[in-house]
Amino acid sequence: MRYLPLTDADRSAMLEVIGAPDVDALFVDVPPEAQLDGPIHGLPMHASEMAVERHMAGLAAQNMAASSVPFFLGAGAYKHHIPASVDHIIQRGEFLTAYTPYQPEIAQGTLQMLFEFQTQVARLYGCAVANASMYDGSTACWEAVAMAGRVTRRSRAVLSGALHPHYTNVVKTMAKFTGDTIADAQPAIQPKADNAGLISRIDDQTSCVVVQYPDILGRLPDLQEIADAAHARGALLIVVNTEPVALGAITSPGELGADIVVGEGQSIGVGLQFGGPYLGLFAVRDPKHVRQMPGRLCGETVDAEGKRGFVLTLSTREQHIRREKATSNICTNSGLCALAFSVHMTLLGEKGLRALATENHRLACIAADTLSALPGVRLLNDAFFNEFTLLLDGDARQIVRDLAAENVLAGVSLGRLYPGHPELSRGLLVAVTETTTEDDIHALAAALKGKLQ
Amino acid sequence: MRYLPLTDADRSAMLEVIGAPDVDALFVDVPPEAQLDGPIHGLPMHASEMAVERHMAGLAAQNMAASSVPFFLGAGAYKHHIPASVDHIIQRGEFLTAYTPYQPEIAQGTLQMLFEFQTQVARLYGCAVANASMYDGSTACWEAVAMAGRVTRRSRAVLSGALHPHYTNVVKTMAKFTGDTIADAQPAIQPKADNAGLISRIDDQTSCVVVQYPDILGRLPDLQEIADAAHARGALLIVVNTEPVALGAITSPGELGADIVVGEGQSIGVGLQFGGPYLGLFAVRDPKHVRQMPGRLCGETVDAEGKRGFVLTLSTREQHIRREKATSNICTNSGLCALAFSVHMTLLGEKGLRALATENHRLACIAADTLSALPGVRLLNDAFFNEFTLLLDGDARQIVRDLAAENVLAGVSLGRLYPGHPELSRGLLVAVTETTTEDDIHALAAALKGKLQ
Amino acid sequence: MNAPNKSGWKPEMTADGETIGGPATYTGNRALMLDEALIFEIGDRNTTGVDLPEPDTATPNRLGGMERAAAIGLPGLSEPETVRHYTRLSRQNYAIDLGLFPLGSCTMKHNPRLNEKVARLPGFADLHPMAPTSTTQGALGVIYELAEWLKTLTGMPAVAMSPKAGAHGELCGILAIRAALEARGDARKVVLCPESAHGTNPATAAFAGYEVENIPATPEGRVDLAALEARLGPDVAAVMITNPNTCGLFERDFRKIADAVHAAGALVYCDGANFNAIVGRVRPGDLGVDAMHINLHKTFSTPHGGGGPGSGPVVFSAALAPFAPLPFVEKTATGYELVEEETAGEHHQQSFGRMTAFHGQMGMFTRALTYMLSHGADGLKQVSEDAVLNANYILRSLEDVLFAPYADSGPCMHEALFGDKGFAEGMTTLDLAKGLIDEGFHPMTMYFPLVVHGAMLVEPTETESKAALDQFIGAMRSVASRAIAGDQSLKTAPHYAPMRRLDETLAARKPVLAWTDPALA
Amino acid sequence: MNAPNKSGWKPEMTADGETIGGPATYTGNRALMLDEALIFEIGDRNTTGVDLPEPDTATPNRLGGMERAAAIGLPGLSEPETVRHYTRLSRQNYAIDLGLFPLGSCTMKHNPRLNEKVARLPGFADLHPMAPTSTTQGALGVIYELAEWLKTLTGMPAVAMSPKAGAHGELCGILAIRAALEARGDARKVVLCPESAHGTNPATAAFAGYEVENIPATPEGRVDLAALEARLGPDVAAVMITNPNTCGLFERDFRKIADAVHAAGALVYCDGANFNAIVGRVRPGDLGVDAMHINLHKTFSTPHGGGGPGSGPVVFSAALAPFAPLPFVEKTATGYELVEEETAGEHHQQSFGRMTAFHGQMGMFTRALTYMLSHGADGLKQVSEDAVLNANYILRSLEDVLFAPYADSGPCMHEALFGDKGFAEGMTTLDLAKGLIDEGFHPMTMYFPLVVHGAMLVEPTETESKAALDQFIGAMRSVASRAIAGDQSLKTAPHYAPMRRLDETLAARKPVLAWTDPALA
Ligand SMILES: Cc1ncc(COP(=O)(O)O)c(C=O)c1O
Ligand SMILES: Cc1ncc(COP(=O)(O)O)c(C=O)c1O
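Protein chains in written order, with the working numbering: chain U, 1 to 453; chain C, 1 to 453; chain P, 1 to 521; chain B, 1 to 521.
A couple of the hints might just be wrong.
Simulated restraints on C-beta separations [unchecked claim]:
| # | chain 1 | residue 1 | chain 2 | residue 2 | range |
| --- | --- | --- | --- | --- | --- |
| 1 | P | 148 | U | 150 | 23 to 33 Å |
| 2 | B | 450 | C | 288 | 29 to 39 Å |
| 3 | P | 467 | B | 421 | 51 to 61 Å |
| 4 | C | 35 | U | 57 | 44 to 54 Å |
List of simulated lysine to any residue pairs, SDA-like, C-alpha gap at most 25 Å [as the list claims (entries may be wrong)]:
| # | chain 1 | residue 1 | chain 2 | residue 2 |
| --- | --- | --- | --- | --- |
| 5 | B | 189 | C | 156 |
| 6 | C | 192 | B | 517 |
| 7 | U | 325 | P | 466 |
| 8 | P | 466 | U | 10 |
| 9 | P | 189 | P | 148 |
| 10 | C | 307 | B | 66 |
| 11 | P | 466 | U | 13 |
| 12 | P | 189 | U | 181 |
| 13 | B | 466 | C | 20 |
In silico negatives: residues of chain U with every beta carbon more than 12 Å from chain C [stated by the list, open to error]:
| # | residue |
| --- | --- |
| 14 | 12 |
| 15 | 172 |
| 16 | 304 |
| 17 | 365 |
| 18 | 376 |
| 19 | 437 |
The hints are simulated quantities; they were obtained by calculation from the structure and are not laboratory data.
Ideal Cβ positions, reconstructed from N, Cα and C, are used throughout, including at glycine.
Isolated chain U, as found in the complex:
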């Protein structure tokens, strides 16, 4: 057994030191009836690396890898090119196999990286402080709602109808137990986000308004207007972003008045991975809210010789110190994904991020024009970044499935996101990134045309 260094001779020598006749003697405190008499039944015995690799490669081969076909899925998870050096760095044993940096003298690598990451995220979001990561965008969204409750001491959250339905569901699930009231809605199928409708739902009990930007249909709501309305009622504005690349092209939520900005960081450095692990980003515009934030924070300090260094700090917010009074129960977060994000962002830099955003938008415009020129296809959005909604003459969900059989992954249908809403069944979300080629766009157009005739 290749991962187990003890030899039988070692085991005997150690049992002798312990004074136990055999290893069973170490399990005396387990009631006999709870002990198995041999290897557990129903599972295979140990296997060689080669055999295991073959089994797993066999499973992998049953999946249609995104890069192997024309691919247009988004809806909160985006396919971007990740530089090879990102993966090289996150595989450094000193990053990969380290624990949470609780001993800062031998964890400056992780700590300095987190300090840099926090600063990158804060700047991207237009905020003062970001934390060291949450599980993913959807849980970060709920944590933001919970935090808004703590800050405002109110418990009614107003969710935009154009918030990712999974995020909405997570918030609603959690709220069932905390007793918060969640005012949600269906997305309005219209060229512009329904700011007026959203604002009309804000009242004096509202702790926060939650708006996605770009929204689930790819639209770009004017956040300033919502911020003003929320603030006027004493509520916080929470902005959710699921495509950080967009922020290379559009104004940051913080600049537009968001109080808490959360999001999914997967686009930068992390990769699709069938949905996880992803990277929850969490930031606050006003430093005064820091002590209500969930999750770990890394801060600057000095060592005994006065040399600058970094430590985890303000831990009195956290479960391991504050226990039932903690701001969140989160412990393990998305450290390695934060590293991947930070490395990729460092490679991009401001210049690269802007160029990347421009390239995404450019290709998305080509796709929008090409596809909406097809008979039976209409572009819903007035504005978009790299994802937009098409309205098809047909059931988009069935079309997506049919095109998959032709090796074209056409997008995410609104029917898939909002099952049971026939009024949305014609909607198809199409995402375009720098990895999309014009050939891909033409392949999709041709395939779609075939289905709409």
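Place chains C, P and B with the ligands on chain U using the hints.
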């Protein structure tokens, strides 16, 4: 340009320090007529990582990867399973991007590894001392012949007819220039190696006898007999091994009287890679021959505090010190492949290497029996390790090509190795390793049967 | 000449400013111990390490007036600088790959590289979570196979795969308990936890709207069954017990506790973070557990990555199974199906909802399944046996120098607990830990569990060799004797790490949580 | 307590045995600076880090009596121990990934990680060299494309791809020259090389059966054209000249030299190890070169790997092209073909033969081609310009403190050469180098070329940022002033590396080249 850190501002500032008006001024010593006036013609401009990766992946996709089909090629390059940790370790930047360890205080990683590698190779070969690697087995073979000339002060080398024909060709090519005489031969197609014929060619001018073990047809010559005959005439015995895994099952050349043992280390840790980089192994049985060895040697010493450490040593044999009097012109060798070999060998250990050899032999026996049971197929070998020669009722080379079209890589034909020798055209070398499945063997049998009907 | 050392490092000095041990360096580096500035100090906004088309003005703009005007303030580095920056940073970290990492409760075991390789196969790594299920059968198969392994290993009938880490799993379990209680109209208010519990337990219970109360412990370090029984009543929704517990002991009476809890109408949550001690030998399902999370990043070896990601699937008893969250994978005659809100209606009306977008930590699932297949039933049994053997070896090799409060409570399981009793005046667990850093080891978990003064919780795991344990034991004995003897050089340890002791108080008092340009400050 | 430190490390001590700077450790480790024993000391013959079927006695044996009886003596380690062993070892190395690695003549530039990724694509990594060419078209395509790049970049009509490194390429070139001369019945005996040449040049010429004679140099560090012309004659087969030369200077008169050599019936070998200085800006073919090797592991960034592997393709003039070795790749109407002994007859009767089994360093070809495609024609031009700019920046920033013998010979190319003139009595280039180690830099090439006393050859390459150069310059200035001032702490440097200065004399005097069990010794 992602690999170039200088900004235009940096360039200007630096030119100012240098006192040059522009970068062209730094090239004043190049005659103008030899300078190009812009980017060289006929080559593309720089490209993004994504674009380059797509281009290269496109080329890779035009090759039939060994693991994707039933695969039986050997003849000096073998497909073995390489544990994932090997590749992880050789990608550590500290190994991958280091230079030759000329500053030992900051190169102990490479140096200690080389000391361990040298010891592993020496033990595997049954020798006293191994060097820090040569380019590959074929160049190591020539270096051994050249060394035998230095040791014996004779210049006639007798090559076994069953030495890999590429190795023979390398030796003959070099000898054309050094004035050595090379007595070579064609392989005798018979169940046992032709020791008697080989021994009869040894004379008093013979510097060395070169024997491959297992030989090119997969046979296992009795080396002791040849060693005795060579030594009786004052010649050295050079043994060439192209499949180090075999030495987990068969007696080492050193134990059987070989004076110099060289070989190809690719099987352990290195991978097929279409023929390179591979790993030349070079060892001598008697420590008195060390000062005639080519290549780098790592040795033990102590530091100023008496702590054990390692350095490159006996460099007075080498080109950078001895220049035209050096034992070889080799400088860069196969360091990283030596690391891969050493890591894999450390994972295997004696126990694993023996088990690996047994498993190779077991599967080879199954394959030999299964295939030789087919009508029109005869097994040549009396004995073999993991590779054997079949005699087919047909042109083996054409059959190999035809089977490739059916996605079966059947082996290396003798026609491919010895073109222009119709008497060898029925021979097919079949190699079987732990990666070969019984399904693969049956696939080959079925395909072969189809062709021989 | 030695001016611009910007890092602040200085060699030790005598009273009259002579350097001792070695000369000061111009760079502030010490050979391979290399200082590294922040990306904000070395990068700039016009440098990038990627090649992309330069945006031109003809580029379309359909951003609807939201286009960014202000600079973001993100520095870029070329690729060579980037690789070097992070490589240099990484070298300031300790890691399992460097040596024993005996953090109790954290199960820092070897992370096989095969698992990393498998997780990167394009069929897994490059797969969208919302791709049509006809194109993701292999991925759904991984989730299904892993779920089967977890159910078999725990002897429990159901598992929720989506929780993202241990604490998220705890939340999943507690929410299922609350949903089950509410489904029978039983609005209980209290969750009981021992004081030795991990902080996530009370935090989770509180997050789920419960009051948290303490379960008393016996002097031998286990739950006090009698006291617990006395406390049980109609207001108690659940007990949360860690087994093996955080003192490293198996809760001998677990079955009795579970029976008492069930008899009182409450449910049993087991914190399974310590499953490594019993995996393959004991099935929690046989002990009366209703819900238990499993840290794939502990027992099943997915890497900790400097703080995450993890994965915390939760196994459920039959009583709780109907309340498990969405989504999950079902096997049908035609293949694997993903059960989400849409299809849940038919089969799974009582699900308490959704905990996260998408389907869980797929990247961890592929690694964990690879690990399980590698070990098999026999190997996993050996894992727990070796983990327990290693811990007992440490316990018995150190109990003469370090105070071991539960040394007489029977063998420990996968971790050994010590306290600071016997240290010289002024010497603390922290000092010992910092001394251990100089010895080339990561310290054990400090000051947890709370029930032992100056607690030191040592978990070696099964992937340590006897030689590594012996060296660790020798180093612990050496440092412990220095603590007992009051060796003052321990108070200033570490001496050899990239940093001397860091001022955590300053960090919290004047929080600096993001870089600001000193030129602008 | 501090007994078993087996490594031998001790902290610095005062005369009366007090430790200074920090306390001794039990383990001999210093925090992250970890000692590591040999595999022979930690492994054993019964441990393995792979899972394979246990051999059973029923296994067939057709080994014909050659089966192994004796033990081999190979220790095994489990996978966790193996990963840790090599990770710990690796941390005792300096590398480009850690910092500037200014080894003159070695071109230690950044190794892009994309290249590593591409080389590992199964279509390249998992391909047998003798597979039918119908199944290897992509691999042959790589060789062909790379050959086209090399021919275009050098302006030469032919290239041999199989040489395994620079020295092997030199041999290839010299053999082709000898074959060409012999083909015209011209048995010349002498090869001329400057004294500044790399050791491989004379070694190669001797290996190929030539006598080696010196070409005199001018005081400004270039070939003395007049002296060379005087020496040329019917016995001279070839001249071997490095350009840019190893003093870092461009051989201004190269074209004239080549013309004179050709006029004398000899051929021109150019050592192309320094091609990085001119790639994309100057084509050696325009200078009259007949053969030149190119170190893909220098100019084209394939990693040095701690000593290899390399790859040394050789470009040829029309005069030498027919003599190039086998195999090579041709493009035909139906695809790529491999020309080997078999088919060479038709097209290539004069080939001098074969230099190696198979077709060369494919793993390096994929990396180099990836690198070239990434840079393109414009990027490669920028490469040489930045490489030259960086070197001149260093030259001009150090010439006031370090003796620069050719500072007045015009700009340097990709490397800057200094000598030890001006150092205090007893201070050497070696001392400066070891002081640089403490500063966190790998030293420059020392004592090469031989033409300058205490030579220091500094090649920064183009992948260094200005900030890195500035820090290096600062450190060099600091260490140089210490050498000039006679600072004795330099004589005992390095102080902070994993090892103090190693005794190379002892190693050579009593060679210990393999481990032997002390128990048996
Ligand atoms: C006993 C115990 N419970 C729960 C947890 C929480 O797990 P996670 O960090 O994955 O959220 C931990 C991990 O630190 C633990 O040790
Ligand atoms: C000038 C010069 N020539 C030749 C060589 C030899 O190249 P290689 O080490 O690849 O054999 C080198 C490399 O060290 C060199 O610097």
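Quick rundown of the hints versus the structure:
Here the CB-CB span from residue 148 of chain P to residue 150 of chain U is close to 41 Å, at odds with the stated 23 to 33 Å. Range check, residue 450 of chain B to residue 288 of chain C: about 31 Å between beta-carbon atoms, so the 29 to 39 Å window is met. Between residue 467 of chain P and residue 421 of chain B the beta carbon distance is about 52 Å. The supplied range of 51 to 61 Å therefore holds. For the hinted restraint 44 to 54 Å between residue 35 of chain C and residue 57 of chain U, the CB-CB distance of approximately 52 Å keeps it satisfied.
The straight-line distance between the Cα atoms of residue 189 of chain B and residue 156 of chain C is roughly 22 Å, inside the 25 Å bound, and the hint therefore holds. About 39 Å separates the Cα atoms of residue 192 of chain C and residue 517 of chain B, which puts this hinted pair outside 25 Å; it is violated. For the hint pairing residue 325 of chain U with residue 466 of chain P, the CA-to-CA distance comes to about 42 Å; that exceeds 25 Å, so the pair is violated. Under the criterion of a C-alpha separation no larger than 25 Å, the hint pairing residue 466 of chain P with residue 10 of chain U is consistent with the structure, at around 6 Å.
Restraint check for residue 189 of chain P and residue 148 of chain P: the C-alpha separation of about 34 Å exceeds 25 Å, so the hint is violated. The straight-line distance between the Cα atoms of residue 307 of chain C and residue 66 of chain B is roughly 43 Å, outside the 25 Å bound, and the hint therefore fails. A distance of roughly 9 Å separates the Cα atoms of residue 466 of chain P and residue 13 of chain U; the hinted pair therefore holds under the 25 Å criterion. For the given pair, residue 189 of chain P sits about 20 Å from residue 181 of chain U by alpha-carbon distance, which is consistent with the 25 Å threshold.
Between the alpha carbons of residue 466 of chain B and residue 20 of chain C the distance comes to roughly 17 Å, so the proposed pair stays at or under 25 Å and holds. At roughly 19 Å, the least C-beta separation between residue 12 of chain U and chain C is larger than 12 Å, which holds for a residue marked as non-interface. Every Cβ of chain C is farther than 12 Å from the Cβ of residue 172 of chain U; the closest lies at roughly 39 Å, confirming the non-interface assignment. In this structure residue 304 of chain U is separated from chain C by more than 12 Å, as the shortest Cβ-Cβ distance comes to about 27 Å.
No Cβ of chain C approaches the Cβ of residue 365 of chain U within 12 Å, the least distance being about 20 Å, so the stated non-interface status holds. At roughly 32 Å from the closest C-beta of chain C, the C-beta of residue 376 of chain U stays outside 12 Å, upholding its exclusion from the interface. At roughly 9 Å from the closest C-beta of chain C, the C-beta of residue 437 of chain U falls inside 12 Å, breaking its exclusion from the interface.
Comparing the model with each numbered hint stated earlier shows that hints 1, 6, 7, 9, 10 and 19 do not hold.
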